[in-house]
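Engineer: In case you want the letters, here they are:
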Amino acid sequence: MPTMSYRAPFRLGLCAIAVWLVACAIPPLILGMTRSVLFGEGQGPPVAWHWSQFFTYVPTWTYVQAVTGVVLFVASTRLTRFILRSAGRERSEVQ
Amino acid sequence: VTVKYKTAFRLALRAIGVLIVAQALPSLVTALVTLGLNFNDVVSMASTGGWYLTMAGQAVLTVAVGLYLFFRGNWIVNLAIPSNRPYCHECAYELTGLAAEGICPECGTPYRAEGSSRSLQGNPSLTGGAPPE
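Those sequence lines, one after another, are chains A and B.
For the first sequence, our numbering begins at 1 and goes up steadily by one.
For the second sequence, our numbering begins at 96 and goes up steadily by one.
Hints listed in this document are in silico derivations from the structure and should not be mistaken for laboratory results.
Among the clues, some could well be false.
[Claimed, not checked] Sample of chain A residues with no beta-carbon within 12 Å of chain B, all distances over it, derived:
1. A23
2. V64
3. S76
[Said to hold, decoys possible] One side only, chain A facing chain B, incomplete, derived with CB under 10 Å:
4. L12
5. A16
6. P27
7. L31
8. T34
9. R35
10. V37
11. Y57
12. P59
13. Q65
14. A66
15. F73
16. A75
17. R78
18. F82
[What the hints assert, rightly or not] Facing chain B, a subset of chain A residues (Cβ under 8 Å, in silico):
19. F10
20. C15
21. I26
22. W51
23. A87
Note that CB positions come from ideal geometry on N, CA and C, so glycine has one too.
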């Protein structure tokens, strides 16, 4: 009988980390994008809205965090396979 | 008692929800107390008042996300472990495309279904774990 498999818990752990990354990025994204649409640059004379204003109120890191979370969630299966294989713990540890 | 992977992941999402709410509560309380104490002066607080309003808004959104993960995380759970596919009850390896009966290629556990995909979908031991509580 198998005693343990690393794949499922490892993959679901990656998914949980991905959810945490995205969940933490959502509030500043919503708030910052709303403010950029409402207030534009925030200073100086009003100018025509431009997509670059999304970066006025939202740090670039927040976008990177959200995209990283989504990619991690979607690619969790392949990433798990790659990591466990490179660590030599796929199937060989299963008795 | 074996905790199935789907239930375990659901519990992990709830724990993340608690963590997120707990992280946001200090900011929320601080912002609301400050705005409450200086309610009449919010306009005159100028940039400071706006900063606390932003802080409160972000904290409210964060708490909402945390509560969603705690109470309504099933959509995410089903994304991670879809219920309409057969899974090994031992290691949650997806058995789509494999024979209805055999040995899990991941962990070696024998799995058995009754020959049709419908029976696979209806068997909680092959669909990733225990039914929702």
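Engineer: With reference to the structure, classify each hint as holding or not holding.
Structural biologist: Tested hints:
no., hint, in the structure
1, A23, "5 Å, violated"
2, V64, "18 Å, holds"
3, S76, "8 Å, violated"
4, L12, "5 Å, holds"
5, A16, "5 Å, holds"
6, P27, "4 Å, holds"
7, L31, "5 Å, holds"
8, T34, "9 Å, holds"
9, R35, "8 Å, holds"
10, V37, "14 Å, violated"
11, Y57, "9 Å, holds"
12, P59, "13 Å, violated"
13, Q65, "14 Å, violated"
14, A66, "12 Å, violated"
15, F73, "7 Å, holds"
16, A75, "12 Å, violated"
17, R78, "13 Å, violated"
18, F82, "15 Å, violated"
19, F10, "11 Å, violated"
20, C15, "5 Å, holds"
21, I26, "5 Å, holds"
22, W51, "21 Å, violated"
23, A87, "16 Å, violated"
Taken one by one, the earlier hints fail for this structure at numbers 1, 3, 10, 12, 13, 14, 16, 17, 18, 19, 22 and 23, listed in ascending order.
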